[in-house]
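Please arrange chain B on chain A, whose structure you already have, making use of the hints.
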Amino acid sequence: MPGTRPARWVAAVPMAALALATIYPLVFTTNVAMKTRREYVLDRFSPADSFSLDNVVKAWTSVGMSRYFLNSVVVVACSVALLLLIGSMAGFALGRLRFRGSSALFLGILAALFVPFQVIMVPLARTMADTGLIDTYPGLVLAYVAQFLPFTIFLLTSYYATVPAEIVDAARIDGNSVYGVYWRIMLPIGAPALLSVGVLNALFCWNDVLIALLMMPSAEHRTLMVGVTSLRGQYSDDIPTFAAGVLIAAVPVLVVYLFLQRQIADGVTAGSTKG
Amino acid sequence: MLVAPAVLIIVGLRLWPLVLGVNFSFTGDGDRDGVMVGLDNYVTLFADPLFRTALRNVGLLVLLLPVAVAIPGLLATFIYLRVPGHRVYRGVYFFPAVLSPVIVGAIFTLLLAFDGPLNGVLGGLGIGPVDWLGDPGVAFFVVVAVHVWATFGMALVVFLAGFATLDQSLLDAARVDGASFAQTVRHVIVPSLRRTIQFVVVTTMIGMLTSMFGLLYVMTSGGPEGSTYLPEYYIWIQQGRLNQPALASAASTALFGIMLVVGLAQIAILRRAAGEED
Chain A
12 MPGTRPARWV AAVPMAALAL ATIYPLVFTT NVAMKTRREY VLDRFSPADS FSLDNVVKAW
72 TSVGMSRYFL NSVVVVACSV ALLLLIGSMA GFALGRLRFR GSSALFLGIL AALFVPFQVI
132 MVPLARTMAD TGLIDTYPGL VLAYVAQFLP FTIFLLTSYY ATVPAEIVDA ARIDGNSVYG
192 VYWRIMLPIG APALLSVGVL NALFCWNDVL IALLMMPSAE HRTLMVGVTS LRGQYSDDIP
252 TFAAGVLIAA VPVLVVYLFL QRQIADGVTA GSTKG
Chain B
2 MLVAPAVLII VGLRLWPLVL GVNFSFTGDG DRDGVMVGLD NYVTLFADPL FRTALRNVGL
62 LVLLLPVAVA IPGLLATFIY LRVPGHRVYR GVYFFPAVLS PVIVGAIFTL LLAFDGPLNG
122 VLGGLGIGPV DWLGDPGVAF FVVVAVHVWA TFGMALVVFL AGFATLDQSL LDAARVDGAS
182 FAQTVRHVIV PSLRRTIQFV VVTTMIGMLT SMFGLLYVMT SGGPEGSTYL PEYYIWIQQG
242 RLNQPALASA ASTALFGIML VVGLAQIAIL RRAAGEED
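Top line first, the protein sequences correspond to chains A and B. Residue numbers for the first sequence follow the numbering used here, beginning at 12 and rising by one. Residue numbers for the second sequence follow the numbering used here, beginning at 2 and rising by one.
So that you can see chain A by itself, here it is in the shape it has in the complex:
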């Protein structure tokens, strides 16, 4: 019977075990990253002798992770900024203004949501090559914007649809143009939704490997995730340095998660409760 005390405790044991299984791989990796190669070969589990960041420093400086890290930061920042700008303009227009054909347009954007990247990657790569955008930062940013824009518009449209129409009307009477209403009122009003969608998009872009692999063939343009995959081949006999590289890529996500867990969850569930 649900909710009685013994029943709850029976479920608690496997759930605690699963929670351990969720956390342990990351703890293990962190521990390995602190070890020397010799320590790792001798014993994989024992706690590292000293809390040493030598491997992290090595991965950061001599392997080029710092360059990859910077590439990722630049690309993610530009992509998210563009996504939020273009997405909120469209979301405001489709969700609040409503005009002839706006619902048809919204449906078209929803349809794009169901076209996975793998289906369009070949022609997209060719178009990017023809226009000289392949292997450039703007090219990768554009690919990310195109990939995550439908989702962004979907969430922001449903958010702006909940903003009372009176706010727009009042602002128009005060002499604001449509663009003025957007810039001065809708952008600030949308802040909570923009934060949630922005964090999710940042995670999507940061974590991506397929698009980056396709769009950025040259080594110095690698994003952090592509960098981690290349690290595996280079350091197959130096696991602690490899683990340190993995850690460098994971820590920013961990920090974002600790502070913005609620916003991330809100973004993920927003799609499930609508429609």
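Certain hints may be false.
[Stated by the list, open to error] A few chain A residues that face chain B, going by a derived Cβ cut-off under 8 Å, partial list only:
| no. | residue |
| --- | --- |
| 1 | Arg55 |
| 2 | Ser57 |
| 3 | Ala140 |
| 4 | Ile275 |
If you're looking for bench data, these hints aren't it; they were derived computationally from the structure. Note that CB positions come from ideal geometry on N, CA and C, so glycine has one too.
Below, chain B without anything else, positioned relative to chain A:
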């Protein structure tokens, strides 16, 4: 117009490439670049053992789907019923969902190595060693299990949002009537959460078909013996490594077809199931 940039990008870089890609799949590669070759690419595609394995693996994914949905569903039920520590579990379980498949794959490559920690533990218990990523009969299931480990938190959070809309009085009534846990799940929770379950089923399937690339790339590279190929990995190899864009386009079109079929079939099945409940 405020929507103009959005429309331009979506039409230009999402919908138009879809048309281009389908068209492209009927042209040739290499010497026959740009020449219409009819269905040649599709013939080559379906004759390729690697692509056949990829299709077989899609079938396995469909079979494993109920497990991938049931695990987060059951866990969400327990959390909703407030097992001790439920607040902590929510935060802990969701965490791997925000990690990149590359990170997850890299970590599990270490854990599952033939001379790695898991085999070390099992060896201590007198089991194994198992070549987790090197045995063609095992590797695909291992990769799927890692994918489930990495993503079940996502579905869990969606289920919990569904539970928030659940009518508490129904649960109380079930309790008063002395319903068992299994009865409560079957007759109260599942029918009430039909929409949520539908959403999770569809998104989990899409996730399995389109976001395992990172894991495959890092953990197995499609091996051993091509046993862990999925259509998305096949497309990447043909395009990125073997420079056969037309064949890759045919595989893309096939993947799109699979997704349409799977999506429509699931909706039809769920509709019928829902109809029986009413």
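- With a cut-off of 8 Å, does the beta carbon of Ile275 (chain A) approach a beta carbon of chain B closely enough for the hint to hold? Hint on Ile275 (chain A): holds, closest Cβ of chain B at ~6 Å, below 8 Å.
- Query: If you take the shortest Cβ to Cβ gap from Ala140 (chain A) to chain B, is it below 8 Å?
  - Reply: 10 Å, violated
- Hint check, Ser57 (chain A) versus chain B [nearest Cβ-Cβ separation less than 8 Å]: 11 Å, violated
- Message: Using the nearest Cβ pair, does Arg55 (chain A) come within less than 8 Å of chain B?
- Response: Given a least distance of 5 Å, the restraint on Arg55 (chain A) holds.
Going down the numbered hints, you'll see the structure goes against 2, 3, while the others check out.
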